[in-house]
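Residue numbers (numbering that gives the first Met the number 0), protein chains in the order written: chain D, 0 to 223; chain E, 0 to 249.
Hint data in this document are derived by calculation from the structure and do not stem from the laboratory. Be a bit skeptical, because a hint or two may be false.
To be verified - Only part of the chain D face toward chain E is listed, based on derived beta-carbon distances under 10 Å:
id	residue
1	L6
2	L11
3	N83
4	A92
5	D94
6	H119
7	Q121
8	S138
Claimed, not checked - Which chain E residues face chain D? A few, computed with CB under 8 Å, are given here:
id	residue
9	E20
10	E99
11	P107
12	I109
13	V113
14	E204
15	C214
16	G227
17	L230
18	D231
A quick note: this is a predicted structure, and the numbers were derived from the prediction, not measured. Just so you know, even glycine gets a beta-carbon here, dropped at the ideal spot from N, CA and C.
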Amino acid sequence: MSNSAGLFSSSLGRKYLMAITGLFLCSFLLIHLIGNVTLFTDPVQFNEYTRFMSSNPLIRVMEIVLVVGFLAHIIDAIMLTKANKTAQPVKYAMDKKKSTWYSRNMGLTGTIILAFLILHLQSFWYGYKFGDVAMTLDSSGTDIKDMYTMVVAAFSQSWYSAIYVVAMILLGTHLNHGFQSAFQSMGLRHKKYTPAIKKAGTAFAVIITLGFISFPIYFYITQL
Amino acid sequence: MNLTLKVWRQNGAEDKGRIVEYKMSDISPDMSFLEMIDVLNEELIEKGDDPIAFDHDCREGICGSCSMYINGEPHGPEDLITTCQLHMRSFKDGDTIYIEPWRAAAFPVIKDLVVDRTAFDAIIQVGGYVSVNTSGNTQDANALPVPKADADAAFDAATCIGCGACVATCKNSSAMLFTSAKISHLALLPQGKVEAQERALNMVEKMDELGFGNCTNTGDCEVQCPKGISLDNIALMNREFLGASLKSEK
Ligand code: HEM
Ligand code: SF4
Ligand code: FES
Chain D
0 MSNSAGLFSS
10 SLGRKYLMAI
20 TGLFLCSFLL
30 IHLIGNVTLF
40 TDPVQFNEYT
50 RFMSSNPLIR
60 VMEIVLVVGF
70 LAHIIDAIML
80 TKANKTAQPV
90 KYAMDKKKST
100 WYSRNMGLTG
110 TIILAFLILH
120 LQSFWYGYKF
130 GDVAMTLDSS
140 GTDIKDMYTM
150 VVAAFSQSWY
160 SAIYVVAMIL
170 LGTHLNHGFQ
180 SAFQSMGLRH
190 KKYTPAIKKA
200 GTAFAVIITL
210 GFISFPIYFY
220 ITQL
Chain E
0 MNLTLKVWRQ
10 NGAEDKGRIV
20 EYKMSDISPD
30 MSFLEMIDVL
40 NEELIEKGDD
50 PIAFDHDCRE
60 GICGSCSMYI
70 NGEPHGPEDL
80 ITTCQLHMRS
90 FKDGDTIYIE
100 PWRAAAFPVI
110 KDLVVDRTAF
120 DAIIQVGGYV
130 SVNTSGNTQD
140 ANALPVPKAD
150 ADAAFDAATC
160 IGCGACVATC
170 KNSSAMLFTS
180 AKISHLALLP
190 QGKVEAQERA
200 LNMVEKMDEL
210 GFGNCTNTGD
220 CEVQCPKGIS
230 LDNIALMNRE
240 FLGASLKSEK
């Protein structure tokens with residue numbers, strides 16, 4: 000018998016979890032993008048922003064929530080994708096699907112995003128915490144880690160910037176399907192609002208992709 | 000018309016199965032697809048070969064038994080029809096046509112193109128009904144007002160014929176379109192509301208237990224459903240199940 004404790008062991012319960020964590024991760028992406036805009040405004044501001052993000056107690060708590068959110072999304076993704084593969088063990092000799100490629104490959108795009116995430120954390124999160132970051136001065140003249148120079152140096156390498164561009168495009172496809180899909184998973188579907196949600200999802204995917212791509216491309220080109 | 004057929008042949012559940020090629024000539028474009036297979040089967044019987052096993056019953060698009068995956072799509076290339084309603088004029092002279100059984104762990108192949116769809120019956124048995132007494136004391140239907148929009152949505156959902164095309168085309172072999180059609184067709188009407196909560200819980204639980212996959216919202220089912228059952232029903236099921244899980248005391 001189903002019960003609310005077993006909710007998340009049911010197919011639909013897992014879908015709700017996927018949707019909630021997915022939308023939560025979307026909110027994280029937006030905040031991350033807005034913070035990164037300081038890369039374009041002013042190196043000192045960017046350095047102060049990174050210091051704020053790694054020292055503010057509220058942000059530290061949110062960091063834990065974020066890690067839990069990512070882990071829940073990833074573990075749930077693995078369980079769902081595995082169950083789906085078992086449910087469809089034999090492929091057709093001839094198969095013409097009418098759906099979009101990216102809606103059928105959320106597992107693949109998700110896995111590439113995960114690989115990217117590990118690289119990204121290794122460069123910047125690990126780099127900030129344990130790496131050898133040069134010091135500079137903040138607006139009040141105290142010592143601060145010069146993350147700006149580190150980011151700029153990283154993006155001057157063509158291979159590194161290229162990985163970012165590819166990963167962000169795949170993230171865009173993940174979001175283009177995922178954003179609206181999350182609403183459907185939670186049963187939020189409406190003749191009037193669903194078309195708007197789909198458009199908002201595509202707009203969100205485009206903004207996130209172009210936004211995050213703009214940093215590696217800008218710093219790569221300006222250092223040629 | 001001259002055609003090359005590539006048909007899945009499998010002699011029982013234990014057999015590994017294989018694609019076998021058949022050349023067909025002088026096929027009339029006015030024949031139905033099933034008649035074309037009938038012609039092939041007569042030829043096979045005359046030659047002393049085993050005819051191709053396939054399911055069919057009404058041959059008018061209402062029973063849902065004529066399941067086959069034709070050239071990469073359930074019920075073939077046309078929209079909103081079953082295989083028995085498909086005609087050879089939908090193909091061109093010289094075409095190669097793949098014919099395969101539904102592929103899903105929950106629908107094991109019995110022989111050739113025939114699969115076992117008792118899993119759908121099992122889902123219906125745990126809730127796809129209303130327990131009202133219909134023996135002589137039924138109320139006048141108009142005594143219970145139903146909003147037009149709900150009545151229309153319930154009738155649309157009720158047109159599901161249980162063919163399994165939704166499961167067959169889904170990359171996850173998910174039965175959510177079928178199950179949700181049955182859940183919403185009853186949940187939208189006053190007679191069905193009484194048992195809506197247990198129905199949603201039991202049918203979803205059974206669907207999971209039988210090894211159908213999870214919906215990824217690709218939407219292939221809706222496109223391929225011969226009755227045009229809408230994804231609205233899956234959203235309704237998702238709401239019903241969430242509400243029922245939270246309210247249920249079990
Ligand atoms: C910032 C990163 C990410 C965001 C914003 C995000 C967002 C989303 C959203 C909104 C959905 C739709 C949920 C639904 O259909 O109900 C989704 C689905 C999915 N995500 Fe992610 N995701 C991210 C990272 C990942 C990672 C790292 C993985 C990999 C392992 C992953 C794997 C999946 C899979 C497999 C699905 C489809 C699940 C299904 O419908 O069966 N995602 N994601
Ligand atoms: S929902 Fe459509 S495709 Fe699925 S079983 Fe019902 S009629 Fe067939
Ligand atoms: S044989 Fe009944 S629907 Fe095709």
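Results of checking the hints against the structure:
| no. | hint | verdict |
| --- | --- | --- |
| 1 | L6 | holds (5 Å) |
| 2 | L11 | holds (5 Å) |
| 3 | N83 | holds (4 Å) |
| 4 | A92 | holds (6 Å) |
| 5 | D94 | holds (5 Å) |
| 6 | H119 | violated (26 Å) |
| 7 | Q121 | violated (30 Å) |
| 8 | S138 | violated (48 Å) |
| 9 | E20 | violated (12 Å) |
| 10 | E99 | holds (6 Å) |
| 11 | P107 | violated (10 Å) |
| 12 | I109 | violated (14 Å) |
| 13 | V113 | violated (15 Å) |
| 14 | E204 | holds (5 Å) |
| 15 | C214 | holds (7 Å) |
| 16 | G227 | violated (14 Å) |
| 17 | L230 | holds (7 Å) |
| 18 | D231 | holds (6 Å) |
In this structure, the hints that do not hold are numbers 6, 7, 8, 9, 11, 12, 13, 16, in rising order.
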